[in-house]
Each structure stands twice: as C-alpha cells, then as structure tokens.
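Engineer: Given chain A's structure and the hints, the job is docking chain B onto it.
Protein sequence lines correspond, in order, to chains A and B. Just so we're aligned: 405 in our numbering is position 402 of the first sequence, and the numbers increase by one with no gaps anywhere. Just so we're aligned: 260 in our numbering is position 258 of the second sequence, and the numbers increase by one with no gaps anywhere.
Source of the hints: derived by calculation from the structure; they are not laboratory data. Every value quoted in this text rests on a predicted model; they were computed, and no experiment measured them. Careful, some of the hints might be misleading.
[To be verified] Listed below are the simulated BS3-like cross-link pairs for lysine-lysine, each with C-alpha atoms no more than 27 Å apart in a straight line:
| hint | chain 1 | residue 1 | chain 2 | residue 2 |
| --- | --- | --- | --- | --- |
| 1 | A | K361 | A | K112 |
| 2 | A | K107 | B | K197 |
| 3 | B | K140 | B | K192 |
| 4 | A | K112 | B | K197 |
| 5 | B | K112 | B | K4 |
| 6 | B | K192 | A | K112 |
| 7 | A | K107 | A | K304 |
| 8 | A | K304 | A | K158 |
| 9 | A | K158 | A | K361 |
[What the hints assert, rightly or not] Sample of chain B residues at the chain A side, in silico, Cβ under 8 Å:
| hint | residue |
| --- | --- |
| 10 | L18 |
| 11 | Y20 |
| 12 | L145 |
| 13 | A215 |
Every residue gets a Cβ at the ideal spot worked out from N, C-alpha and C, and that includes glycine.
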Amino acid sequence: MSQYYPALLIAIPLLAALFISASGWLRPALCFPLALTALGGSLLVSLGLLSNVIRGIPDVYLFGGWPPPWGIYYRVDHLSALVLAVVSIVGFVNLIAARPAVEKEFPEKAAPFYTLYVLFVTGLLGMVITGDAFNLYVLLEIAAITGYALIALGKGRAPLSSLHYIFMGTIGACFYLLGVGYLYIITGSLNMEDIARLLPPLYESKVVTVAFVILMVGIWLKMGFFPLHAWLPNAYTHAPSPVSSLVAPLMTKVMVYVMIRMVLTVFTVDYAFLVLKLNDAVVWLAVIAIVAGSLLALAEKDVKRMLTFIVVAEVGYMVGGFWLGNRAGFIGAVLHLVNDALMTLCLFLAVGNIVYAKGNSQWDSLPGLFRTMPWTMGALVVGALSIIGVPPTCGFFSKWYLLLGAIQGGHYGFLAALLFSSLVSVVLFFRIFEISYFEPFGASHGPDHGEDGPAGREAPLGMLVPLWMTALGLVLLGLYTGEIVDRVIRHAVPGMML
Amino acid sequence: MKNLGLLIVVLVGAVLIYATTDFPPFGDPESPASLHVSPRYLENSLEETAVPNVVTSVLVDYRGLDTMFETTVVFAAGVACFLLLRVPRRRTPAPRQYRHRLTGLTFRIKDGGEISLPLQEFEPMESIWTPHDFIIEKVCCYLIPFIQLFGLFVIAHGHHSPGGGFQGGVILGASIILLSLSHDLRTALKRMGEKTSALFSTFGVLIYAGTGALCLLLGYNFLDYQALDPLLPGGPVMARYHGILLVEVGVGMAVMGTMIWIFRNLASRGRHEEGL
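One chain only, chain A, in its complex shape (with noise of 0.2 Å):
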C-alpha cells in the first residue's frame, strides 16, 4: 500500500475537487463533507509518507511507469516529507475554519469556493512531492490561479489586489519557467536529478548563471521577498479571511522550500555557494527585507494588514538562514518553515475570527475583546507569543537555531535584524493587547450605551477548535523540536554544510 501514497496524495485531493464542482450542480449539501474527506485523506497519506521516510523506506513513484528522465517522478525525502505534512495539516485545519464564514459571506459560492481551495492544496503538494522542474511549474500554475481567484473573491478592493497580484505572479511564474527553459536547453533534461548530474560541466556557462539568477528571482517574486514584496500586503488584507489564513501560511512557504529545492536538488549547494559565492549578498538583502517588513509593520492600525508585513520579515527570516549556508542557519531556515506555517495560521485564524464577529480588524474594533472574545484573543496571545520568540512555543527554537547560524557564520547583520524584528514583534502585539485589554470600550459610544459592555459575541464553536488546535500545536511543536530536528530535519542537511 505504501508504494501507492505519492500518487495518492495528488489523485484524492484532485479528484475530490471534480467530484466537488459536480457536485454544485447536482448534490450541493455534499460539496463540505467531500473537501473535508479528501483534504483529511491526503493529510493521513502524507503522514504516512513523513513516517515511511523516518523509518527510512524510499519512496519514489513512476508515472505512467516510465523511468526518469523520460516520465515524470515523484521522490520524497526527508525535507519534502515535512513540508509536505505541514502543508496538509494547514489545509485541513483550516478548511474546518472555513465552513462558518463560507457560510455568512457566500453561501451560494461555497461549491466553486471547495473546489478551488482542494485544487490549491493539490497544486501546493503537488509542488513539494514533485522530482521534475517543469511539472512543478504547471502545479504552480495551478496553485496560483486558484490562489488569485480565491483572493478576489474578498470585498472592496480584493478584485483590485487580486489583479496586482496576477501581474506580478505571472512575472514570476514566467521568470521560472524561462529558467527551466535555459536549464533544458543546455541540458536537454527536466528532471530535477538528472539536471543535476548534467550540470557540473556546464558551471562556466552563462546559461546557467542566468537560468539560476533568473529562476530565484522568479521565486522571489513568488514568496514576496523584500523589494519584490508589493502585491503581497493588499492581495493578503483584503482576501476574505478563510482565504488568507489559507494562502499567507502556505504560499510563501511552499515557495521557500521551491527555493531551498532547487539549490539543493537541481543546482547543487557547490554551485551557489561555492561557484557562484552569492550567499553573502543574498543574506545582506534577507536582513533589509526583515529590518523593512518589521518597520511597515508598525506603521499599520489594521491588525491583518499589519500580519501581512510579518509575513514579508518571516520571509527573510528564512531566506535568510538558509542563505547562511551552515548547518545551524539550515536547520533554522526548515524549522522557522514549518513553525511559521502553523504561527501564521494562528494568526490568521485569530483575526479571521474577529473579521467574523465584528466586521474587520481596524483598531477602533479592538477595544474590549478581551472580554467578549476571550478564547479567540487567548490563541492570539499563543501566537504572538510564538511570533516574538517566547519558550515553550515554537517561534522560539527556530530563532534560536537561526541567531545560532548567524553566530557561526559571522554574520551580525543577520543577528542583529534577527534581534530587532523580535523587538519591533513584542510592540507589535503588545500595542494589540494594550488596546483590546485596556482601552474603555464604551466611551465612544456615548454613555447609554457604556453599561451592558461592548456588542459582539465569541466566534462560533468551529472556528474556535481549528484555531485552538492549531495554537495548542504551537506550545507542541516547540516542546518536540528536538524530535523532529534529530528525527527529520537533521538528515536534510546537504553534506557540505555538515
């Protein structure tokens, strides 16, 4: 059965989203239970695989049984397993989130809405599993028109965004498909190993100088690292909000690990670190893009917006860890990937809860949530707690491993961007908490209306176990980071960097 997993983690979420579009048309009370079926089906497949590869059992899977370089393949290892699991469990955690404010806000949409968002998650695995360069750019074709169109679905300015955001992942998406083409030609191959093997030879050319330069700023571009960042903030505020607790934890990560794939598996790390020797320069540009998204940050009064700019600083985060090119930067870099996916979620959920009860997430809506949404600010706390870097959560191992990495690299910028967005988080959030604890609620409503508290109700029951789930999982993941970096991680590490 085993053997089987790698096709099945594509083919139940794909056919499910078949099965849910036509189910829209003919059985639409059936179009829940089937995403939640299929996104739990490829959940349990991927922590099979992530066990299979533990236990130290290959895993590669033919299509249409042809060898590579001919067919298509896909391999799991170690890094892929892991992503591959954090992937999942965001998908479906927050699927369960999604269903009450589906509901509220487009209830006659919800069959395409399911549809789409099963599709993204297929395209997001599909992406991560995959051996072959150029079947990743179609999964990321598909990851992104679901994405967009999921993105426009929000009020106001979403379509707006949403077009912003296009333009500027098809630049991307273009970017890599041009460097896979520069790759083929020079190669004549796809797959991802076998480019790999080809390449050595070829080090002196300029194609591949180029293809490499013009594939990682394509994905630059996807994971909206600094300069490259500005379709990121609008397209993330004003998706509806079981969109942006989909795509802000996924996409950027998904495409860090694209990254970290394609230095690893296709262009070698001899090659980008010790031909191309460009790691300095592109840690110097993770420490502006922290310094820059950490200081927008402060500058919003709307809390989703202002996550959105977390976002980009968590970006260099990792980018730049991995960029550090030692072991205590990579290992930071894969850790900070997946506690960033779940801490995001986290908050993303949160606000999405806020979003629901009171209309947005400006600040004049904080005032006195504490009380009547104590469970929801509760998992905020935990979250932002986790974001600043505070024990027992995970936000603080993965730091830890990357101030770690900065340390032995000598590099200080790095810690000391590192030391100031951890600042720059704790006014942050506090500032959130100082407004939705302290601040009187019922001043500015005059006094008639300051006695029986604030309006707003706590956000329903299955919103608030998805988000506790997942806050829960942050304490989790941090008491069980030495497991997961010894059992997993650990074995990830190129050999150069050993």
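Structural biologist: Only chain B this time, still in chain A's reference frame:
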C-alpha cells in the same frame, strides 16, 4: 517611474540575450536537447505506445501527468470565472422584454410583473436588441455542424496528425460560441445550458484523472495505460494507444466545456440573460 520600469526591462532583456551567446547553435543536431531524452521518444514511441505522432505520445503518455494538470488548469480557470463573475439569480426579475412569436409585437414587462398568457407563445428579447441578421444566422447554422465534425476529427485523429484534445476541444467550443455570436446568448444556452457546460468541463478532467486512478486500481502506476489491457482489445501496447485516446476525449470535453463556460460568464457579466 516609467523610465525606471523601461530600464529594468531593457536590463533583464540584455541579460537574457547575453546568455544566449552560450546557447547551442540554432537547429544543431548535436545540441543536448536533441541528444539526451529526445532519441528515445523518437525511436521507441511507435513500438512502446503504437502512436506515430510523437508529440501526442510525449504529451499524453511519457509526460502525461503534466498534461493532466494542464487540463486541470483550464478547469480551474473556468471555475474561477464562475466563482468571481456569476451573479446569483435574483428573486424578482428586472424589467424585461418579450416578443410575441405569432404577431411580432413586443412587450415590456415591468419590475416584478408576470405574463398571464401561455409563455410558449412569447420569446424573451435582449434589452439591447439587434434585429437578427438572416444571412449571418443561416450561414452559421449550416457551418456549425461541419465545424463540430471537424473538431471531433481533430480529437480522434490526434494520434496520427497534428491535433488532439486541446485543439479539438477549442474548435468544438468555438462552434457553440459562434452560435451565441450569430444568434444570441439565449439561443446557445437553450442548446447547451450552463449546467451542461460546467459538467462537461468537470467530467472531462474526471475522465483524465479517472483513467489514471483506474490504472492505479488495476495494480499499475498512476496513468500507466498499460493497465487497461484487460479492458481493451489489442494487447498492452494497444492499451496505451486506446488509453491515450480516452484521455484525449476527456481533454476535449474539458476544454470545450470550459471555453463555453468562460465565454458566457465574461460576455454576460455573469448574468446569463443577455450580453453581446
């Protein structure tokens, strides 16, 4: 800002062109792209898949997974347009116009009004109504069946000549779009409803992915059409041939359904009542 953009475009273009100096020469038979994977496709396609058109065998068999996801992209685009553009039907219809079939008289029904006469005698009219052009209507009426026949030919003959599911699907979709352009949207909707086009789109992809899953159920790898041997005549190699045909039909259905679906949502701004 404009100049900065121009500068960046010129710079990126210059870098890309700079790299082409290291490209293998144009049309070089010794280039890596024609030496590495291509020979096997060219030499073995016929005996491995029984398909003489190598493009088809690479597209749908050797790299069939890519094509499955490309079809899914088309489907996703259709669903995206539907999700964003389609306006749910309103309870009380807006003012609308009808023409009495027998007398040619036109009526304007007010907001929320009803017609008490039997509805079959009336024909709804576009609010921006243009008189039907007899010549265009008739020419298209005679042309459309042949266009559709050609579309089916392109799908079915993709194994032997340029063509296949994508091209044939586009031709089939265009025939219905031509019908809505030459007559009006409602005539085309009467021939092929919104639900039908959406289900065509869905089931087309389902045929593709379902064929893959069927191979999995029969104990082979996903999309390994060889698994269909017990179900289809002609031995394992012909099973691949027939599997490819099956999948091409799915692609054709998906592309046709999606084209029509997207066209209607765009042309009528999601209202499906009038437009163009």
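Engineer: All the hints need checking, so say for each whether the structure fits it.
Structural biologist: Quick rundown of the hints versus the structure:
Between the alpha carbons of K361 (chain A) and K112 (chain A) the distance comes to roughly 22 Å, so the proposed pair stays at or under 27 Å and holds. Taking the CA atoms of K107 (chain A) and K197 (chain B), the gap is near 25 Å; set against the 27 Å cutoff, the hint holds. Only pairs whose Cα atoms come within 27 Å are accepted, and K140 (chain B) paired with K192 (chain B) is accepted, the gap being roughly 18 Å. Between the alpha carbons of K112 (chain A) and K197 (chain B) the distance comes to roughly 14 Å, so the proposed pair stays at or under 27 Å and holds.
Annotation: proposed proximity of K112 (chain B) to K4 (chain B) is violated, straight-line Cα distance about 51 Å (limit 27 Å). A C-alpha spacing of about 24 Å is found between K192 (chain B) and K112 (chain A), which places the hinted pair at or below 27 Å, so the restraint holds. Proximity of K107 (chain A) to K304 (chain A) is assessed by CA-CA distance (about 25 Å); at most 27 Å being required, the pair is judged to hold. For a cut-off of 27 Å, the pair hint linking K304 (chain A) to K158 (chain A) stands: about 19 Å separates their Cα positions.
As the CA atoms of K158 (chain A) and K361 (chain A) are separated by approximately 15 Å, the hinted pair is consistent with the 27 Å bound. Of the supplied interface hints, the one on L18 (chain B) holds, with its beta-carbon coming within about 7 Å of a beta-carbon of chain A, less than 8 Å. A cut of 8 Å between beta carbons decides the hint on Y20 (chain B): the least distance to chain A is about 7 Å, and the hint holds. For L145 (chain B), the interface hint is violated, since its Cβ never comes within 8 Å of a Cβ in chain A; the closest pair sits about 31 Å apart.
Using the Cβ-Cβ criterion of 8 Å, the hint placing A215 (chain B) at the interface with chain A is satisfied: the shortest such distance is roughly 6 Å.
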